[in-house]
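J.: Protein chains in written order, with numbering that gives the first Met the number 0: chain A, 0 to 495; chain B, 0 to 495.
Hint data in this document are derived by calculation from the structure and do not stem from the laboratory.
Computed beta-carbon distance windows for the label pairs: (1) A:Asn342 <-> B:Leu94: 38 to 44 Å; (2) A:Lys194 <-> B:Lys344: 19 to 25 Å; (3) B:Arg63 <-> A:Gly102: 19 to 25 Å; (4) A:Gly102 <-> B:Lys250: 14 to 20 Å; (5) B:Lys11 <-> A:Ile283: 47 to 53 Å; (6) A:Gly488 <-> B:Leu94: 27 to 33 Å; (7) A:Asn402 <-> B:Leu94: 22 to 28 Å; (8) B:Gly102 <-> A:Pro350: 33 to 39 Å.
C-beta atoms are modelled at their ideal positions from N, C-alpha and C, and glycine is treated no differently.
Protein chains: 2
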Amino acid sequence: MIEEISKENIDKKVQMAAEAYQFLKNTTVKERAAFMNTVADQIEILGEELLQTAHAETSLPFTRLTGEKARTVGQWRSYAKAVAKGVYTEPRIDLAQPDKQKGDLRKYNVGTGPVVVFGASNFPFAFSTAGGDTASAIGAGCPVIVKAHPAHPKTSQLMADAIIAAVKESGWPEGIFSHITGTSYDIGAYLVQHKEIRAVAFTGSFTGGKALFDMANHREVPIPVFAEMGSINPIFALPNLLENRAEAFAKEYLSSLTLGVGQFCTNPGVCIALKGESLDRFIIALKDEIHEIVPAKMLHKGIYESFEKHKTIASGQPEVDIIATADTEIDEWQGRAMVIKTNAKNFMKNPVLNEEVFGPFGIIVTCETSDEMMEIAQQLKGQLTITIAATDEDARNNLTMVNLLKDKCGRLLFNGMPTGVEVVYAIQHGGPFPSTTDSRFTSVGPDAVKRFIRPISFQNWPDEFLPEELKNENPLHISRIVDGEVNSGSLKLQTT
Amino acid sequence: MIEEISKENIDKKVQMAAEAYQFLKNTTVKERAAFMNTVADQIEILGEELLQTAHAETSLPFTRLTGEKARTVGQWRSYAKAVAKGVYTEPRIDLAQPDKQKGDLRKYNVGTGPVVVFGASNFPFAFSTAGGDTASAIGAGCPVIVKAHPAHPKTSQLMADAIIAAVKESGWPEGIFSHITGTSYDIGAYLVQHKEIRAVAFTGSFTGGKALFDMANHREVPIPVFAEMGSINPIFALPNLLENRAEAFAKEYLSSLTLGVGQFCTNPGVCIALKGESLDRFIIALKDEIHEIVPAKMLHKGIYESFEKHKTIASGQPEVDIIATADTEIDEWQGRAMVIKTNAKNFMKNPVLNEEVFGPFGIIVTCETSDEMMEIAQQLKGQLTITIAATDEDARNNLTMVNLLKDKCGRLLFNGMPTGVEVVYAIQHGGPFPSTTDSRFTSVGPDAVKRFIRPISFQNWPDEFLPEELKNENPLHISRIVDGEVNSGSLKLQTT
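Bound-form chain A, shown alone (with noise of 0.2 Å):
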């Protein structure tokens, strides 16, 4: 059973990230980014224990489970590394001047305050409890409490711990980190409308992010939401790739489609390609490959049920076909693998066919004309990532569509598949709505860390009451623009 938090306990919980954040609003970044390293220690030392009951709460298999883990420590240490740069705090200096009526001007960016974070159930490390949006927060400056995942509450509670003891460690006060139990809707929305919180992060689906978006703006003072909601994905198979490898990408797609039972917000739900000789070919592929699909377990009953219903409902539309479906007996909860066809105009006109089905389904489009298919393009609503699958010649005869694709995605790829989300600054998780609330952030990479931050300018002040980041000494080595120019010095001033 899960325990259902109070109201008076959540009101007690946000008023102690409020204090917290008075503290650590005033750390420095290399005080912040030696803590998400401490923060990284106790994740890295938790063993057995935390894969089995993850393993258990999630049937993901071990090998996936141990990746990312990895992938989790490793955004914890690659965030600090950016956070002691000074890279989110971009301090700017205008020093007083002759010309200028107003003096000393000098600016950073500091953390936005209390920040709630929802996780999402199918990375119940990297993007849960300890994952990107809390670790980003807390490079921040921002204090974080974590409405944890009711699907996997054992796992949440053991990366709560370890954080929490990552706090201890420290010396720092209690309330830069909490985490809150319970399955009620209303505990979420209740957070995300109480006065001391500044900004919420959220994975999951369309309506609860929208609901949340809503909710946010409709306060007295509005906060930012940034939550990653789905998306479809889609791969532009244009003619001369699939002329030259119908099979082999047929192979890549099914792979990548039925890769961790489909339960990525990558997974390439649908594949638009010209009618024709090399489109068969391709079909014929997925028919044969997809018999090789091992079937596995999806992550709760809950995400099974509404993929058997989403899919039953997606390839029963009119003008559907079925072109290949897996034939595997299946255990409980085992997703089994489905890839239907339509044509493009009746993929354009039923918005069935736009939404996400969360698990291995695939749609194949089918264009009668390259128009057909710019007309696709010019409709598509916003993606997490879309994929061009081509050679330098198809990318050359239709670069038309691809500037055009540029506005419906975050990340734009030449080949390859979208699932595997690489945590570097060049990522960009995050596209335009609807498969993110705010196209201009990204959820993964360094780069996470600008959701939780604002600038703020102090005029005239006396250097012992600036922050370490302003100084001029330059205490903390960062790199600043001092009038205008890159500068990574200290100051040298006349005294006054």
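Got chain A; can you put chain B on it based on the hints?
T.: Just chain B now, kept in the frame of chain A:
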């Protein structure tokens, strides 16, 4: 008479902007910077006609208009300089490595798409048609549609013509910039809800800004609204400072309060101090000094009438004393300065006294104790600026309050007055709600460009298809983060 534009013509202009965006997003930072300098040139050559027209429409004196014109030209040039350096493009490159699954990832920021700018009445050049919003949106790579402020239509048209001339001179598509006139509320509402519009910039009233914000959030695809909506810009006058220089401080305060007939968004509408002999000296000085204030005509009849109305309402509140009022004979629309006094408890409980009175109107709030001053700090709403009038010792004695006040403003001053907003990197012109809709951004300084960008990540694209900003050669010679380190050179890659 101002021409009212038809919906059909709005649609046409928005469509042109959407098409121009496809062009603009592929321009390089250097090309956009060159364009911005061309606009600056075009504004610079506007001579006597511009000043005469603006003076006739706004009553602002020639010296002020001459200075504001120079500032406006300076905005285009300094934003261009920052854009050219790639400060807002933030290129990040993570090269393919054996231990990474996904190969080459490259990210940079592109303009979000067509932006609607609502000009302000109080800065006919710097915050209007060719003001900072337009300059920063174009710098980001976004076409702009200006809804001209009806208070200075001819001035707006002259500025629009300058931008249009620059568009022609550059051979850029006409849709880069459109100028829409009309007085109807419906025009703005229609624009903000138009599906091709991607962001909105506004400077004006809370009612206006909040209405746009709500409209934008209720769209099928919500978009950001950057509305600057007003502020009372409190000054906390601490005891030592007042004791040392009550009279000089009174002179400075009154001068800032009445600068430009109080028609600045950073006008210091409230001054909070401890009861006592020093404060009495300050008030006596105010009474004396107010007679020195030369009356001047306000921007237009509507603003004058609103000032008189709100001044009367505020000064007529319970437990309020009028302590200083300008007694000069006044001509048409001349705003007569007034300073009132009330006690802290009354100020905290009466919301009327916490609202901006646009014009030369100040409230002195007297506190019984420093705890009471802290209470005011705690319940203060978001502000563009907060000023701590203090000696070093005062600041040391009030560190907790100073620290708390950081959460309530975008710019925190140590002495001096908040009027006068420097156009530099280190300025923050944007504070917590309700002073603006989004405290994470500034509407003044090159960083204003940040409002109109979003990242896009390219995975495994051949060099020929990448934007110049991300090509191996680094042909624009901009600073990039390559594999986590700042790098301004070109990439020497092994050919594959």
